[in-house]
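Novice: Required output: the full structure, derived from the provided sequences and hints.
Protein chains: 2
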Amino acid sequence: MIMYTAGDVRVEERPDPKIIEPTDAIIRLTATCICGSDLWPYRGVEPADHTAMGHEYVGVVEAVGDDVRNVKVGDFVVGSFVISDNTCEICRSGYQSGCVHREFVAGTIGTQAEKARIPHADGTLVPTPGQPDEDLIPSLLAASDVLGTGWYGAVAAEAGPGRTVAVVGDGAVGLMAVLAAKQLGAERIIAMSRHPDRQELARFYGATDIVEERGDAGVARVKELTDGLGAHSVVEAVGTQESTMQAINSTRPGGRLGFVGVNYDVTIPGIDLFFAGIHVEGGPAPVRRFLPELIQLIWDRKIDPGRVFDLALPLDEAAQGYKVMDERRATKVLLTL
Amino acid sequence: MIMYTAGDVRVEERPDPKIIEPTDAIIRLTATCICGSDLWPYRGVEPADHTAMGHEYVGVVEAVGDDVRNVKVGDFVVGSFVISDNTCEICRSGYQSGCVHREFVAGTIGTQAEKARIPHADGTLVPTPGQPDEDLIPSLLAASDVLGTGWYGAVAAEAGPGRTVAVVGDGAVGLMAVLAAKQLGAERIIAMSRHPDRQELARFYGATDIVEERGDAGVARVKELTDGLGAHSVVEAVGTQESTMQAINSTRPGGRLGFVGVNYDVTIPGIDLFFAGIHVEGGPAPVRRFLPELIQLIWDRKIDPGRVFDLALPLDEAAQGYKVMDERRATKVLLTL
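Quick note, the sequences are listed as chains A and B, same order.
Residues in the first sequence are numbered from 1 upward in steps of one, following my numbering.
Residues in the second sequence are numbered from 338 upward in steps of one, following my numbering.
These are computed hints drawn from the structure, not numbers from a lab.
Each hint should be verified, as a subset may be incorrect.
[Claimed, not checked] In silico lysine to any residue, SDA-like type, Cα no more than 20 Å apart, as pairs:
1) B:Lys409 to B:Lys452
2) A:Lys72 to A:Lys115
3) B:Lys355 to B:Thr367
4) A:Lys223 to B:Glu426
5) B:Lys560 to A:Ser93
6) A:Lys223 to B:Thr367
7) B:Lys560 to A:His101
8) B:Lys560 to A:Cys88
9) B:Lys452 to B:Ile356
10) B:Lys660 to B:Arg439
11) A:Lys223 to B:Ser430
12) A:Lys223 to B:Arg429
13) B:Lys560 to A:Glu89
14) B:Lys560 to A:Arg92
15) A:Lys223 to B:Lys560
16) A:Lys223 to B:Lys452
17) B:Lys560 to A:Lys115
18) B:Lys560 to A:Arg102
19) B:Lys452 to B:Asp353
Only a predicted model underlies this, so the values are computations on that prediction, with no experimental measurement involved.
Specialist: Right under this line is the structure:
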């Protein structure tokens with residue numbers, strides 16, 4: 001899937017990828033999908049010029065370089081949307097998305113494709129315990145980014161027992177943050193959503209309260225629900241100016257904000273952040289840190305993140321997938337191969 | 338000490354403060370001082386209109402309201418620059434500067450004075466183990482804000498064993514952050530300073546490296562000193578646009594930034610913070626959390642924060658104190674009574 005320019009996406013034939021570095025693996029994709037962040041170049045916010053699209057992927061290993069030890073031909077693997085060696089000092093501290101060998105899959109590798117070359121395969125890919133049942137594929141695919149990202153948001157916000165978690169954003173990442181908050185044992189989970197179908201999914205994933213208001217009214221409602229204090233933990237999963245300030249102001253003093261919405265054109269007034277007196281952590285999620293745990297939860301059917309996909313199309317019809325996501329007619333589109 | 342308007346500060350007679358609430362205490366000040374943040378209204382950045390100045394204080398309790406239990410008449414006490422009840426949920430979580438009864442001493446109470454009424458005395462004041470020796474007064478006074486604030490910056494940045502800490506800012510708070518990082522066991526402490534006298538004091542407090550460069554050049558130098566990764570822990574103790582971005586960019590992915598510089602007119606591009614992938618925590622320091630520990634360290638002569646005062650003047654000459662601090666001819670001015 002190639003984005004020629006904003007709004008112009010086409011499926012075309014490309015040469016098969018080949019092993020270049022001894023740490024590479026070649027995978028044949030089983031499924032891939034379209035991410036909310038793919039809409040940035042689609043809408044012209046990020047540049048696109050014959051860009052290879054896609055950064056979420058699951059599949060079967062077809063070939064490995066001589067130095068690859070942890071995955072072998074035939075393994076079913078899930079990979080992070082950021083390439084990491086998983087051995088450098090930054091990776092070992094749990095921030096694989098800041099790896100010294102970091103490379104973003106989006107734009108360079110492109111996994112809306114039949115095959116992909118994955119650099120640093122040992123540090124990026126995680127094999128599943130065996131060949132997965134068909135119905136687990138969407139959930140495993142979700143782990144590659146949207147689940148891993150929502151999970152990171154909830155971890156960064158320190159969602160956990162005894163804590164009230166507010167999630168700003170009812171897109172796929174926000175819904176996954178609700179799922180994560182539930183798994184992490186949060187006492188109360190406030191989902192901020194005004195779409196009935198997404199509210200329903202938020203409740204399925206563990207939301208205890210729904211707040212429809214946005215901006216200052218949304219902040220006021222969260223405070224009403226938390227004795228006037230604000231939430232202990234807030235996840236920002238939108239990335240607009242309004243949602244960012246709403247998230248900051250919904251967090252109680254000393255509370256924690258995990259922000260995972262890609263926030264182009266957002267400016268945070270320093271003095272507002274200062275007087276909020278909160279913790280803030282965010283950025284591209286270190287999905288690799290969480291993959292082994294997430295894969296196991298899916299394998300054991302303890303979580304069902306795959307329900308976040310509300311449309312499946314063959315890869316050939318990916319252009320239609322972009323269109324319906326851009327028009328918000330689907331939350332997240334799975335692409336079959 | 339009253340600030341009539343920007344740049345116009347005068348010492349004048351006022352009626353003695355009286356107990357109003359049963360949780361109040363009246364203290365007779367032993368010493369007070371001028372804070373870098375007092376220069377904001379002095380320079381017209383914050384409004385001033387016959388404002389009672391000063392928020393740092395040590396002294397002897399002269400009277401207490403009926404509900405006060407933890408301090409008694411005759412006690413020598415140190416208080417935080419933020420009034421707190423120390424019993425609400427926010428206080429109990431360690432964020433007393435976000436107390437539901439929070440009140441800033443600056444501007445309302447004003448402790449550049451002979452006496453002051455301190456609300457919520459039990460939650461705000463901490464008695465020393467006895468009457469202090471004269472030479473401990475400056476250090477105890479420093480605990481009231483500048484030491485407590487620098488300490489919070491270092492704690493927020495998780496300064497500790499095995500970690501490299503960079504401190505942006507060589508004012509009193511920055512120097513106290515260096516002291517704190519040393520006490521917290523940091524392996525390496527980089528002080529960013531271009532003033533020889535402050536470099537010397539930074540080394541006295543525990544700095545292992547001095548970086549004179551600022552902005553991007555300062556970031557590059559910190560990276561050179563840290564294998565290209567950036568510091569584990571960074572304390573921002575200035576509050577300008579340049580210093581804020583320098584601090585963000587000096588922090589390694591997954592690292593921690595404690596920001597305690599009051600940052601009017603600073604705007605943080607969300608996308609820069611996103612791709613930095615760091616933790617950020619800051620705001621008005623919850624000094625009350627640290628006071629018991631800091632008082633004990635001072636009492637046992639394990640730390641000597643009082644050296645940060647490089648000029649002492651009688652309260653009557655406080656106007657001169659503002660002038661020399663504004664002109665950067667003194668780091669921090671102690672006012673004697």
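Novice: State for each hint whether it applies.
Specialist: Structure-based check of all given hints:
no. : hint                 : result
1   : B:Lys409 to B:Lys452 : holds, 16 Å
2   : A:Lys72 to A:Lys115  : holds, 16 Å
3   : B:Lys355 to B:Thr367 : holds, 18 Å
4   : A:Lys223 to B:Glu426 : holds, 14 Å
5   : B:Lys560 to A:Ser93  : holds, 17 Å
6   : A:Lys223 to B:Thr367 : violated, 41 Å
7   : B:Lys560 to A:His101 : holds, 16 Å
8   : B:Lys560 to A:Cys88  : holds, 16 Å
9   : B:Lys452 to B:Ile356 : holds, 12 Å
10  : B:Lys660 to B:Arg439 : violated, 30 Å
11  : A:Lys223 to B:Ser430 : holds, 17 Å
12  : A:Lys223 to B:Arg429 : holds, 19 Å
13  : B:Lys560 to A:Glu89  : holds, 14 Å
14  : B:Lys560 to A:Arg92  : holds, 19 Å
15  : A:Lys223 to B:Lys560 : violated, 41 Å
16  : A:Lys223 to B:Lys452 : violated, 38 Å
17  : B:Lys560 to A:Lys115 : violated, 38 Å
18  : B:Lys560 to A:Arg102 : holds, 17 Å
19  : B:Lys452 to B:Asp353 : holds, 7 Å
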